[in-house]
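Protein sequences, first through last, are from chains W and G. Mind the numbering: the first sequence is residues 1 to 334 in my numbering, read in order. Mind the numbering: the second sequence is residues 1 to 152 in my numbering, read in order.
Pair ranges (Cβ atoms, derived):
1. His-258/W / Lys-112/G: 45 to 53 Å
2. Lys-75/G / Asn-318/W: 53 to 61 Å
3. Asp-185/W / Glu-81/G: 54 to 62 Å
4. Ser-76/G / Phe-334/W: 15 to 23 Å
5. Phe-334/W / Ser-90/G: 14 to 22 Å
6. Ile-192/W / Lys-75/G: 36 to 44 Å
7. Arg-270/W / Lys-112/G: 21 to 29 Å
8. Glu-38/G / Val-287/W: 55 to 63 Å
9. His-249/W / Lys-112/G: 50 to 58 Å
10. Lys-75/G / Val-287/W: 52 to 60 Å
Taking lysine-lysine and the DSS-like style, the derived pairs with C-alpha atoms no more than 25 Å apart in a straight line are:
11. Lys-235/W / Lys-101/G
12. Lys-235/W / Lys-50/G
13. Lys-74/G / Lys-50/G
14. Lys-112/G / Lys-59/G
15. Lys-59/G / Lys-235/W
16. Lys-37/G / Lys-134/G
17. Lys-50/G / Lys-75/W
18. Lys-58/G / Lys-75/W
19. Lys-269/W / Lys-75/G
20. Lys-74/G / Lys-269/W
21. Lys-101/G / Lys-165/W
22. Lys-210/W / Lys-289/W
23. Lys-59/G / Lys-75/W
24. Lys-58/G / Lys-37/G
25. Lys-59/G / Lys-165/W
26. Lys-75/W / Lys-101/G
27. Lys-112/G / Lys-75/G
28. Lys-58/G / Lys-112/G
29. Lys-101/G / Lys-267/W
30. Lys-75/W / Lys-112/G
31. Lys-66/G / Lys-75/W
32. Lys-101/G / Lys-269/W
33. Lys-75/W / Lys-37/G
34. Lys-58/G / Lys-165/W
35. Lys-74/G / Lys-235/W
36. Lys-50/G / Lys-165/W
37. Lys-50/G / Lys-112/G
38. Lys-74/G / Lys-37/G
39. Lys-75/G / Lys-147/G
40. Lys-322/W / Lys-54/W
I should point out that these hints are in silico values taken from the structure, not numbers from a laboratory. No experiment lies behind these values; they were computed from the predicted model shown. Glycine is no exception: its CB is placed at the ideal position from the N, C-alpha and C atoms.
Chain by chain, the residues:
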Amino acid sequence: MQPYRHSQILRKAYFFLALLFPFNFLSAQSILENTQVRFFTDAGFEATRDSTGKFFPEFQAGGIEILITAQVTDKISLLAEPVLKSNGTVSLERAMIKYSFSHYINVSAGRLYTPIGLWNTTFFRFAKALTPTIDAPQIIANFEEGGLALNKDNGIMISGDDITKLRFGYRAMVGNGYNQPNSRDKQYIVNIFLEPVDNLRFAASVSSTKTTGLFTPTKSTLDGIALAGMYMGGKEIELAYEYYVGHIHNSVYSSVGHVHYGYVGYKIKRFTPYVHYYRGYGMESGVFKNRTNATLGLRYNFTALSVLKFEAEFLEANDFAKVNQFKIQWAIGF
Amino acid sequence: MKATLIRSTICIIFFSLVSFDMRYIPPAGSIAIIINKENPVSELSASEVKLYYLRRIKKRWPVINKNIRPADLKKSCEEREAFYALLGFSGFQVEQYFITKQLQNAERPPDKFATEAELIDFVAGEIGAIGYIKASSVTPEIMERVKVVFTR
Numbered sequence: 001m002q003p004y005r006h007s008q009i010l011r012k013a014y015f016f017l018a019l020l021f022p023f024n025f026l027s028a029q030s031i032l033e034n035t036q037v038r039f040f041t042d043a044g045f046e047a048t049r050d051s052t053g054k055f056f057p058e059f060q061a062g063g064i065e066i067l068i069t070a071q072v073t074d075k076i077s078l079l080a081e082p083v084l085k086s087n088g089t090v091s092l093e094r095a096m097i098k099y100s101f102s103h104y105i106n107v108s109a110g111r112l113y114t115p116i117g118l119w120n121t122t123f124f125r126f127a128k129a130l131t132p133t134i135d136a137p138q139i140i141a142n143f144e145e146g147g148l149a150l151n152k153d154n155g156i157m158i159s160g161d162d163i164t165k166l167r168f169g170y171r172a173m174v175g176n177g178y179n180q181p182n183s184r185d186k187q188y189i190v191n192i193f194l195e196p197v198d199n200l201r202f203a204a205s206v207s208s209t210k211t212t213g214l215f216t217p218t219k220s221t222l223d224g225i226a227l228a229g230m231y232m233g234g235k236e237i238e239l240a241y242e243y244y245v246g247h248i249h250n251s252v253y254s255s256v257g258h259v260h261y262g263y264v265g266y267k268i269k270r271f272t273p274y275v276h277y278y279r280g281y282g283m284e285s286g287v288f289k290n291r292t293n294a295t296l297g298l299r300y301n302f303t304a305l306s307v308l309k310f311e312a313e314f315l316e317a318n319d320f321a322k323v324n325q326f327k328i329q330w331a332i333g334f
Numbered sequence: 001m002k003a004t005l006i007r008s009t010i011c012i013i014f015f016s017l018v019s020f021d022m023r024y025i026p027p028a029g030s031i032a033i034i035i036n037k038e039n040p041v042s043e044l045s046a047s048e049v050k051l052y053y054l055r056r057i058k059k060r061w062p063v064i065n066k067n068i069r070p071a072d073l074k075k076s077c078e079e080r081e082a083f084y085a086l087l088g089f090s091g092f093q094v095e096q097y098f099i100t101k102q103l104q105n106a107e108r109p110p111d112k113f114a115t116e117a118e119l120i121d122f123v124a125g126e127i128g129a130i131g132y133i134k135a136s137s138v139t140p141e142i143m144e145r146v147k148v149v150f151t152r
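Bound-form chain W, shown alone (with noise of 0.2 Å):
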């Protein structure tokens, strides 16, 4: 994704004041009194060295997350996440606006994550005092952290949470894709998930797009199955596995890959010792190739919001051989 200009900025601003337009016959102060803003933001070093020995040491600087959330209705709830980046630019990460019909059918529309497996939905890009990890696993990152999916859009979602004793949810989405917004073919994404037991989910999820231009001159298809189980939020231990498959298709060429992911942590009090697996393969004119990173983790929560976490990471990837990093990360929300 690439920085915002400034009047790209301008026009998500007044497409989101143009969502609050029905609303304004409510009163600002009612607003305000229901309106909650919360800030995130990280600092850390990183040091790595590459395969040809020679190490970079370099600090880093997150962004600065804005978080506004505001129950404007009973039924009616809205959703802002700006953020300051550390090279000087903005970018809206999220903005939603959210119908509730009932508990089984709510309807959200704006910038939205795509409901691709339970990583991308549960865990967030700036607000790192609430990631299990330093960063996110890459194909669900950030583009400019080198993230291969698309993981928000602008759309509509339909979305249903605990149906049933077995708290059945569903997602159904239908976004922009990678096409222009001039394009007709869109990005349609399903996901159903189901929690038997507290904090233990499964989730499998399918999404299918259409573009033209993105990997060849011609209009491709991108097919993608992503199956997750998670147990996060337990007393000590958590666990998280994700797998995805995409394929590609053109009238050129046809390529499939494929991506696992793991995270095993387990929590001592305020320690919580990790190791979080990658592994992609495969895939070769849409690119994606080859990518191995194992990580050993450990986090300290000071506080909810406030966590310092460090990681010793070896990485192997087919266009630049072994690397190994040292990560340090203090993130804090308040």
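Following the hints, put chain G in place on chain W, whose structure we already have.
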């Protein structure tokens, strides 16, 4: 003489018992879960309190179809710790849980109050509210304003 002494002893014990305040005094740290008077829910089990307060399975109250609005106390105290123990969470986990919900779904976090009186005012005025107070604070006056659906 002996009979008089026995009779006197029995009388002393009897009057001591009668004059003793026989009202039930809840043990320290016991709590009462309160909801709005207009909410038709009359009773909740411990597990239902957890599910409603955390908006885990139900995000809206049955029948009235109103948003569940959890209320919390700002500062750590005996009743807050007892309530968090009922939820099965530490204070740290409760805060993380609701912030995560806010980030994921734009869900409103619990309204927080400095005093029990403020919390009771909120529950009395907000149809979807659910909160907790000390069980010993439940008086007939309080019962006129809010509904107690669970005590422990």
